[in-house]
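**Q** For reference, the chains in residue letters:
There are 2 protein chains.
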Amino acid sequence: MKIVIDAMGSDGAPAVEVAGAVQATEEYGYDLVLIGDEALVGRELKKYPGHSDKIQVIHAPEKIEMHEPAALSVRRKRHSSIVMGLELLKKNEADAFVSAGNTGAVVCASTLSLRLLPGVERPGIAIALPTLGGASVIIDVGANIDPKPIHLFQYAIMADAYSRYILHKSNPTVGLLNVGEEETKGTEFVKETHALLSESKLNFVGNIEGRDVYAGTVDIILCDGFVGNVILKVSESIVDTIFKALKQEIKASVIATLGAALASSAFKGLKKKMDYDEYGGAPLLGVDGRCIISHGSSTPKAIKNAIRVAGEFITQGVNNHIVEELESY
Amino acid sequence: MKIVIDAMGSDGAPAVEVAGAVQATEEYGYDLVLIGDEALVGRELKKYPGHSDKIQVIHAPEKIEMHEPAALSVRRKRHSSIVMGLELLKKNEADAFVSAGNTGAVVCASTLSLRLLPGVERPGIAIALPTLGGASVIIDVGANIDPKPIHLFQYAIMADAYSRYILHKSNPTVGLLNVGEEETKGTEFVKETHALLSESKLNFVGNIEGRDVYAGTVDIILCDGFVGNVILKVSESIVDTIFKALKQEIKASVIATLGAALASSAFKGLKKKMDYDEYGGAPLLGVDGRCIISHGSSTPKAIKNAIRVAGEFITQGVNNHIVEELESY
Numbered sequence: 001m002k003i004v005i006d007a008m009g010s011d012g013a014p015a016v017e018v019a020g021a022v023q024a025t026e027e028y029g030y031d032l033v034l035i036g037d038e039a040l041v042g043r044e045l046k047k048y049p050g051h052s053d054k055i056q057v058i059h060a061p062e063k064i065e066m067h068e069p070a071a072l073s074v075r076r077k078r079h080s081s082i083v084m085g086l087e088l089l090k091k092n093e094a095d096a097f098v099s100a101g102n103t104g105a106v107v108c109a110s111t112l113s114l115r116l117l118p119g120v121e122r123p124g125i126a127i128a129l130p131t132l133g134g135a136s137v138i139i140d141v142g143a144n145i146d147p148k149p150i151h152l153f154q155y156a157i158m159a160d161a162y163s164r165y166i167l168h169k170s171n172p173t174v175g176l177l178n179v180g181e182e183e184t185k186g187t188e189f190v191k192e193t194h195a196l197l198s199e200s201k202l203n204f205v206g207n208i209e210g211r212d213v214y215a216g217t218v219d220i221i222l223c224d225g226f227v228g229n230v231i232l233k234v235s236e237s238i239v240d241t242i243f244k245a246l247k248q249e250i251k252a253s254v255i256a257t258l259g260a261a262l263a264s265s266a267f268k269g270l271k272k273k274m275d276y277d278e279y280g281g282a283p284l285l286g287v288d289g290r291c292i293i294s295h296g297s298s299t300p301k302a303i304k305n306a307i308r309v310a311g312e313f314i315t316q317g318v319n320n321h322i323v324e325e326l327e328s329y
Numbered sequence: 001m002k003i004v005i006d007a008m009g010s011d012g013a014p015a016v017e018v019a020g021a022v023q024a025t026e027e028y029g030y031d032l033v034l035i036g037d038e039a040l041v042g043r044e045l046k047k048y049p050g051h052s053d054k055i056q057v058i059h060a061p062e063k064i065e066m067h068e069p070a071a072l073s074v075r076r077k078r079h080s081s082i083v084m085g086l087e088l089l090k091k092n093e094a095d096a097f098v099s100a101g102n103t104g105a106v107v108c109a110s111t112l113s114l115r116l117l118p119g120v121e122r123p124g125i126a127i128a129l130p131t132l133g134g135a136s137v138i139i140d141v142g143a144n145i146d147p148k149p150i151h152l153f154q155y156a157i158m159a160d161a162y163s164r165y166i167l168h169k170s171n172p173t174v175g176l177l178n179v180g181e182e183e184t185k186g187t188e189f190v191k192e193t194h195a196l197l198s199e200s201k202l203n204f205v206g207n208i209e210g211r212d213v214y215a216g217t218v219d220i221i222l223c224d225g226f227v228g229n230v231i232l233k234v235s236e237s238i239v240d241t242i243f244k245a246l247k248q249e250i251k252a253s254v255i256a257t258l259g260a261a262l263a264s265s266a267f268k269g270l271k272k273k274m275d276y277d278e279y280g281g282a283p284l285l286g287v288d289g290r291c292i293i294s295h296g297s298s299t300p301k302a303i304k305n306a307i308r309v310a311g312e313f314i315t316q317g318v319n320n321h322i323v324e325e326l327e328s329y
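The listed protein sequences derive, respectively, from chains V and B. Under our numbering, residues 1 to 329 are what the first sequence spells out, in order. Under our numbering, residues 1 to 329 are what the second sequence spells out, in order.
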């Protein structure tokens, strides 16, 4: 089992990726490949003199930047860490790829290099969200911003396998994000998707609303990639806004500052609960390979957990389960 | 100036509406009509023996429930508080309508009774959001879930007038919600809308992302009603989730409980900052009249502020400004 890590992806690259990789070899014992600027990666690796010989470095002279157009950059930068890393999977020299880089480029290069699983028409990005009811999966959060109902149906099948074999849920519930719970509500797209899901073998509970997302009402939340992308970014922003505003308020009073210091254990506990890093990256479901996408602002812990998830995708044979399930339709 | 309040709309109706109306007459001196079940409304009004003779009660024997289908309920319940209240505007017996009831029914009945302003093809619901940069307006949050680009263009013109004349912003910036900032990003719908806005006289700053919503990056956030509805409900839910989780953490420790008590001024300050009630309801922009929609869980203060906003729409002549601006295209 060998996992390739894009060493040039995150905002803190390559330091963050190298630190995460070192932690992952120590904890899980996987064989890892760090792909990227050899000199920069080597310099970081020197900070961990006892680091395992399980980490190999492969040089990739180019880097796709965060805001480069996806398809164009993948075509032009054949020697980038993303394109070269995925080529290793294509040539069966590695089993999984982890990147905190340009999401669009990773989706595009994965689809080109790995192709899609039989029965899948579009890949989708699934993210595990922290909710009051534990982790729920939301798919798609941006791979496919103008999907057809059949794509969401396939996402549901794929997220079901992810929930069962990685998140260990026995009969995950599936909800379709809509503006109301009634079957008559929503756009034509949502209504057609509802009809497809109703006829499936999935544990489909019907429409859900925005307020159900963090309430943990269902295990799997289905939506188009435009809506999913907006939800994720709004969520991050509102959490940030609340804590910034709370800090301002606390600073304004000496007593409140003392109180906040005393209550710091509670704030830390909350931070841990809301911690995306624990869930370790978002699998790109539907490609014929394993590709885990991490946030650009990933910490070493987030990278380490993304590597763990990549390993679980391999050992659990998630893709085989997806293909079998899709074949049954 | 006479403002009609649907006394049967909110979850706490009619007590909440009556309390809000009494506060509004005391603060603003408007003439108000409470429309709804006369006996129930009368019983509530008796709790305010000194209440002004500026509040009139009109009996409406029917009530549209929260989850009734919008168009059907409006057709069938001609004697509901919503339909009868809007008829008063149609007959020029009142100048504005405020309801915390079934949003779909209010949109539908308003469009049927009041018709649309010249140059407007669809009404849109605008909500003032509390952000780090003060109040921003988001439109549409659910009146029109499958709009055309021209509808969003018209929403931008209408929200511009709302921002100028009610929120007192001198040259409000307009952002189009998308999955990325680049012009090349997004669905065909978003790209066409971007092109229309680029040619307008509006202070259009281009695409914005989900993370800009609560950062207060722009004064006006444009999106389709499906996305807007989901954003609002996700936002409410995430705030709720954070505070529930924080409470759990605080309860788990005696010292944290003491700390939280000392920091309570900060929590109260934050609550006030994030308080939707202050903004007083969401105008349904585009109808040829003034209709303010409040949240089903409105407090008396929210109703009072919705009445204030209704009054400002009348005195500021917002609809005239919208029509003039649209005529210039």
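Simulated from the structure, these hints should not be mistaken for laboratory data. Remember, it's a predicted structure, so these values are computed and weren't measured experimentally. By construction, the Cβ of each residue, glycine as well, lies at the ideal position given by its N, Cα and C atoms. A few of these clues could be false.
Claimed, not checked - Now the stretches of chain B that chain V is said to cover, found in silico as 3 or more residues with beta-carbon under 8 Å:
#: 1; stretch: 3-12
#: 2; stretch: 199-213
To be verified - Subject to a maximum C-alpha distance of 25 Å in a straight line, what follows is the list of computed DSS-like cross-link-like pairs (lysine-lysine):
#: 3; chain 1: V; residue 1: K54; chain 2: V; residue 2: K2
#: 4; chain 1: B; residue 1: K244; chain 2: V; residue 2: K233
#: 5; chain 1: V; residue 1: K191; chain 2: B; residue 2: K233
#: 6; chain 1: V; residue 1: K271; chain 2: B; residue 2: K233
#: 7; chain 1: B; residue 1: K251; chain 2: V; residue 2: K268
#: 8; chain 1: V; residue 1: K244; chain 2: B; residue 2: K90
#: 9; chain 1: B; residue 1: K233; chain 2: V; residue 2: K244
#: 10; chain 1: B; residue 1: K247; chain 2: B; residue 2: K233
#: 11; chain 1: B; residue 1: K46; chain 2: B; residue 2: K271
#: 12; chain 1: V; residue 1: K271; chain 2: B; residue 2: K46
#: 13; chain 1: V; residue 1: K247; chain 2: B; residue 2: K46
#: 14; chain 1: V; residue 1: K46; chain 2: V; residue 2: K90
#: 15; chain 1: V; residue 1: K272; chain 2: V; residue 2: K251
#: 16; chain 1: V; residue 1: K185; chain 2: V; residue 2: K169
#: 17; chain 1: V; residue 1: K301; chain 2: V; residue 2: K46
#: 18; chain 1: V; residue 1: K47; chain 2: B; residue 2: K251
#: 19; chain 1: B; residue 1: K272; chain 2: V; residue 2: K185
#: 20; chain 1: B; residue 1: K301; chain 2: V; residue 2: K271
#: 21; chain 1: B; residue 1: K301; chain 2: B; residue 2: K272
**Q** Does K46(B) lie within 25 Å of K247(V) when you go C-alpha to C-alpha?
**A** Roughly 44 Å between the alpha carbons, so the hint for K247(V) and K46(B) is violated.
**Q** Is it true that the CA of K247(B) sits at most 25 Å from the CA of K233(B)?
**A** With a Cα-Cα distance of about 21 Å, the restraint between K247(B) and K233(B) holds, given a limit of 25 Å.
**Q** Keeping to a limit of 25 Å between CA atoms, is the pair of K271(V) and K46(B) held or broken?
**A** Outside the cut-off at roughly 49 Å; violated.
**Q** Are K54(V) and K2(V) close enough, with their CA atoms no more than 25 Å apart?
**A** holds, 9 Å
**Q** Verify this for me: three or more residues of the stretch 199-213 of chain B with a beta carbon less than 8 Å from a beta carbon of chain V.
**A** holds (count 5)
**Q** Would you mind confirming whether the straight-line C-alpha gap from K47(V) to K251(B) stays at or under 25 Å?
**A** violated, 42 Å
**Q** Checking one constraint from the list: CA of K46(B) to CA of K271(B), max 25 Å. Satisfied?
**A** violated, 32 Å
**Q** For the pair we were handed, K185(V) and K169(V), check the Cα-Cα distance against 25 Å.
**A** violated, 29 Å
**Q** Hint check: K233(B) vs K244(V), CA-CA at most 25 Å. Holds or violated?
**A** holds, 21 Å
**Q** Is the hinted pair K46(V) and K90(V) satisfied, with a Cα-Cα distance of at most 25 Å?
**A** violated, 30 Å
**Q** Are the Cα positions of K301(B) and K272(B) separated by 25 Å at most?
**A** holds, 12 Å
**Q** Checking one constraint from the list: CA of K301(B) to CA of K271(V), max 25 Å. Satisfied?
**A** Outside the cut-off at roughly 33 Å; violated.
Against the hints set out earlier in the document, violations occur for numbers 1, 8, 11, 12, 13, 14, 16, 18, 19 and 20.
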